[in-house]
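This is what each chain is made of:
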Amino acid sequence: MGKYILKRVLQFIPVFLGVTLILFALQNIVPGDPIKLIGGEKALTPEVELQLRVKYHLVQVDDEGNAILDENGDPVPETLWNRYVFYMTGLLQGDLGSSYQRKLPVTDIFAAKYPYTAKLALCAIVLEAIMGIGAGIISAVKRYSFWDILVTLVTSVLVAVPAFWLGMLLQLFFGVQLHVLPISGAGGTASQYQDWVHYILPAVTLASVSTAYCARIMRSQLLDVMNQDYIRTAKAKGLSNRAIIWRHALKNALIPVVTYIGVDFGAMLSGAILTETVFNWPGIGYEMFRAISSRDWPIVMGGVTLVVLVVMVINLLVDVSYAFLDPRIRFDSSNKNA
Amino acid sequence: MNDNKTPQTIEEENEALLEEIHQKSDSSSPAASRTLWGDAFKRLRKNKLAVISVIWIIFVIIVALSADLWAKQWLGSPTAADSTTMAQNSTLPPSGEHPFGTDALGRDILVRVIYGARISLSVGVMATAISTILGLIMGALAGFYGGIWDTIIMRLADIFLAFPYVLFVVSLIAVLGRSLTNVFVAIGILGWPSIARVFRSAILTVKENDYVDAARSMGASDVRIIARHIFPNSVASIVVYATMNIGGAILTESSLSFLGMGVVPPTPSWGSMIQDGQAYLQTAPWMMIMPGLAILSTVLAFTLLGDGLRDALDVKMKDA
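Chains as they are written, first to last, in the numbering used here: chain A, 42 to 379; chain B, 79 to 398.
Since the hints were made in silico from the structure, they are not lab data.
All C-beta atoms, glycine included, are put in the ideal place defined by N, C-alpha and C.
Among the clues, some could well be false.
The list that follows gives simulated cross-link-like pairs (lysine-lysine, DSS-like), each with its CA atoms no further than 30 Å apart [what the hints assert, rightly or not]:
no., chain 1, residue 1, chain 2, residue 2
1, A, K292, A, K278
2, A, K183, B, K124
3, A, K77, A, K96
4, A, K183, B, K126
5, B, K285, A, K48
6, A, K183, A, K276
7, A, K48, A, K292
8, A, K276, A, K292
9, A, K292, A, K183
Derived contacts from chain B toward chain A, CB cut-off under 10 Å, selection only [to be verified]:
no., residue
10, L234
11, S249
12, P369
13, V377
So that you can see chain A by itself, here it is in the shape it has in the complex (with noise of 0.2 Å):
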């Protein structure tokens, strides 16, 4: 097990190094000095821009930390790979950097964004495995009846609908038409309505696709899980109908369906461009757009190091429990998709 864990481990190393890398080399790319968008409206002196670029490490340095100048007194950029260099070592001290327009240490900005989007990805991740798990149950154990059927076009149409059109609609019909629920934001003093209230619409739309796709991993691993030997004696033995689904499919039916709900979760946590946007949520996803749209790299940079972190330990704690709930994958190290 510890060999599994540690092996898993090293194989996100190249990963994590290879997205971010990937990452650094596109907004390098991207036309536009960063010092002008600091700079803003002000044209800055200078003495000014040039202790900014020395700041970000556009500029090479000498040992005393100033510029270093070529012949025509103009300082010398530094190369890419120098730059990575020195965000990955900011990185493993805790520093992720400034943010250009801000002003602020992108630590700062994310640790006040991220907790709504944790909050949010919680609420929507506990909503879909009930929906998703309860809705899969039902459709296998009572197959091809009504609600069979309701259940897979219901799966059918969510898996075709954009999430950010669901959301619209539902800000339309509860928020604009009912006036029972509020159509933005996270609450806050401002607000007539309680704060979790304010999470019922965005966890919604947030777990309306991923519970479309819960329930039917759910329906086929059961129907799969029925059709098993063990399966069939029990019912010889003559346990009832609701013994057999309960103590002995449920339990490995279950599995796929909580390794997905993990991935999930860790998507989630990643943060919902689309329904932070559609419900003005203060989240990271909403935060990272926005600094996209206006070349905060810093932000951005910030915000998938953050992300892929978050999805890796995710996705390793799924795998790790897979494991453990599946003997067969941790003795078959010749499965490498595992």
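We have chain A already, so just place chain B on it with the hints.
Frame of chain A, contents of chain B only:
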């Protein structure tokens, strides 16, 4: 065949069988023989949802392609807006004259949905083409040559899958700039890992077969072996994945346009029309409802067709 039968009865039976086959093939297509595609086509025709999906997709394609011939004359221009029509026609609810209503600039929404179909369909097809070709090349390199190629390409696939998807597409567009071609490229580049994995595992299962060795001993090149002997074995699953990817690409394009990262206005796109409608949610909800229904119906048609093809071609897929 049974030994007790005389040659004569066997001949009679054969003739009866032949006649039956002829009758069957007359009633359906002449190609209804015992080929994979003939069988699959027969099975697909029995799947009502798949048939309706195909009809809907063909309908949308015809409407989108022929729009120049009739739509503008009937409903007005999808892009132009002058101040007089704006004052009179702004945010009219659906009516006989404007079946889907009008938007804030007084443009007919139906004609914009029709022209938006061009963007969605072209993105669906082009992005899927790019990701399928990339995926086939990557999958072939990884599966056929193995070793270091396999390690590098599969790690690269992991990197692409580890990225938050929408964030990656949005970043790519921010780097490449807003244009239709860049939307093709951004969505296409990100879609290759799934096809690559399918093709790689198909190659791994087929590679060791005797007929591949036979082809090699006859002097066939690697490219020929992959294209003529391995690719036909996995074409069914690739067709299924590609069909579903078209729906996925249309959804991604609408998300991009919704975020203001798709094609540049005033070119109508379903996602950007929904974004336009967001500000008028309370006063003119049809502005966002109509393009949303267009996305839903088209993506649903491609998913249901993909499901139908999967069943008809008997392709086993990992996810439900």
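Status of each hint after checking the structure:
1. A:K292 to A:K278: holds, 19 Å
2. A:K183 to B:K124: Measuring from Cα to Cα gives roughly 25 Å; hence the hint holds.
3. A:K77 to A:K96: holds, 14 Å
4. A:K183 to B:K126: holds, 23 Å
5. B:K285 to A:K48: holds, 28 Å
6. A:K183 to A:K276: holds, 17 Å
7. A:K48 to A:K292: holds, 27 Å
8. A:K276 to A:K292: The given pair, whose Cα atoms are some 16 Å apart, holds under the 30 Å limit.
9. A:K292 to A:K183: Holds, at about 18 Å.
10. L234: For L234 of chain B, the interface hint holds, since the closest Cβ of chain A sits about 7 Å away, which is under 10 Å.
11. S249: holds, 6 Å
12. P369: Since chain A brings a Cβ to about 8 Å from P369 of chain B, closer than 10 Å, the hint holds.
13. V377: Because about 4 Å separates V377 of chain B from the closest Cβ in chain A, which is inside the 10 Å limit, the hint holds.
No hint from the list above goes unmet by this structure.
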